[in-house]
Amino acid sequence: MGKKGDLSNFERGMVVGARRAGLSISQSAQLLGFSRTTISRVYKEWCAKGKTSSMRQSCGRKCLVDARGQRRMGRLIQADRRATLTEITTRYNRGMQQSIREATTCTTLRRMGYNSRRPHRVPLISTTNRKKRLQFARAHQNWTVEDWKNVAWSDESRFLLRHSNGRVRIWRKQNENMDPSCLVTTVQAGGGGVMVWGMFSWHTLVPLVPIGHRLNATAYLSIVSDHVHPFMTTMYPSSDGYFQQDNAPCHKARIISNWFLEHDNEFTVLKWPPQSPDLNPIEHLWDVVERELRALDVHPTNLHQLQDAILSIWANISKECFQHLVESMPRRIKAVLKAKGGQTLY
1 MGKKGDLSNF ERGMVVGARR AGLSISQSAQ LLGFSRTTIS RVYKEWCAKG
51 KTSSMRQSCG RKCLVDARGQ RRMGRLIQAD RRATLTEITT RYNRGMQQSI
101 REATTCTTLR RMGYNSRRPH RVPLISTTNR KKRLQFARAH QNWTVEDWKN
151 VAWSDESRFL LRHSNGRVRI WRKQNENMDP SCLVTTVQAG GGGVMVWGMF
201 SWHTLVPLVP IGHRLNATAY LSIVSDHVHP FMTTMYPSSD GYFQQDNAPC
251 HKARIISNWF LEHDNEFTVL KWPPQSPDLN PIEHLWDVVE RELRALDVHP
301 TNLHQLQDAI LSIWANISKE CFQHLVESMP RRIKAVLKAK GGQTLY
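First residue of the sequence shown: 1, per full-length UniProt numbering; consecutive thereafter.
Wrong hints could be hidden among the right ones.
Straight-line distance between alpha carbons at most 27 Å, and here's what the computed DSSO-like set of lysine-lysine pairs gives [claimed, not checked]:
id, residue 1, residue 2
1, 131, 340
2, 340, 271
3, 149, 319
4, 62, 44
5, 131, 149
6, 319, 334
7, 132, 271
Okay, the calculated beta carbon distance ranges per label pair [to be verified]:
id, residue 1, residue 2, range
8, 248, 181, 37 to 47 Å
9, 294, 63, 41 to 51 Å
10, 121, 248, 16 to 26 Å
11, 319, 143, 19 to 29 Å
12, 258, 87, 55 to 65 Å
13, 312, 145, 26 to 36 Å
What the hints contain is simulated information worked out from the structure, not anything from laboratory work. Here a beta-carbon is modelled for each residue, glycine too, at the ideal position from N, C-alpha and C.
From just these sequences and the hints, can you work out the full model?
Now the structure itself:
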């Protein structure tokens, strides 16, 4: 019984070898276990073309989009990343003798390595702030991990009691759109939330500080004097420490600036570029807390439980985790330099 499918290079070589050894078609078929038709075809191809490869030539339908067409489609993608499949197909067919369908466009794009993905959400960086980010990166491009170990990173974050997930999908029939099992309930403002202030360095995590309602300059001054000051003077007694904060209005208030001036002989406030969450490694720790909250077996049902869960998750973040983030700072600086002050993947 003949084999199904084409032969491998080795099998084709055996066929040619058997025939050249003087075996007949029937004898070769009996010896190798292939059909007489296969033996005849393979040997004829070898005699006529010297072909011993199992690669079939010119099989299947010819692709409607050749290399030149792929370059044309690539230019359309580069010109408008948000174009739909229909728009790309319509624009491609303009001025072409042979039009293609959307299915062909989709197949071609996948062959070219393109896939439809959700875009990364990044802050809008103005031209002025882009220059400031670039200046900061250039000023710190020679900093090593040892230098970044002297920085204490800080930030505030708000965690909602309930989350709205727009990616949730369900299976339902046409008339089940209002069935209770097919609905996703929402709560105004996420059912409330908890705001916390946090700080960490290479050496340790500082316990989170819950913030009552909103963080103003007076409340932030209490945090700076009660938490930042003792940490910096204890951790960096040689006054070689740097304190990092972003450019939130309460951070730039006059009473805060005056307080830092009074203590400038104890530590230095790092001059931070605006719109730069990608440079602040504490953002990744907030993401760790967020993921751990969603992974809880029993989700918090009130703000008190939510706050306890946040404080517990933060306290249990491993030392390897936040130290690895500090070690990433030279790479973050290089990424900003490469992007000429623009957005990075961090």
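Hints and how they fare:
1. 131 / 340: holds, 8 Å
2. 340 / 271: holds, 19 Å
3. 149 / 319: holds, 13 Å
4. 62 / 44: Distance ~26 Å between residue 62 and residue 44 Cα, so the pair holds.
5. 131 / 149: holds, 26 Å
6. 319 / 334: holds, 24 Å
7. 132 / 271: Roughly 10 Å between the alpha carbons, so the hint for residue 132 and residue 271 holds.
8. 248 / 181: 37 to 47 Å: Between residue 248 and residue 181, where Cβ atoms are some 43 Å apart, the hint holds.
9. 294 / 63: 41 to 51 Å: With Cβ atoms ~45 Å apart, the hint holds.
10. 121 / 248: 16 to 26 Å: Since residue 121 and residue 248 have Cβ atoms about 20 Å apart, the given range 16 to 26 Å holds.
11. 319 / 143: 19 to 29 Å: holds, 22 Å
12. 258 / 87: 55 to 65 Å: Roughly 56 Å apart at Cβ, these two residues keep to the hinted range, so it holds.
13. 312 / 145: 26 to 36 Å: Holds - the Cβ-Cβ distance for residue 312 and residue 145, about 29 Å, lies within 26 to 36 Å.
Violated hints for the displayed structure: none, as all numbered hints are satisfied.
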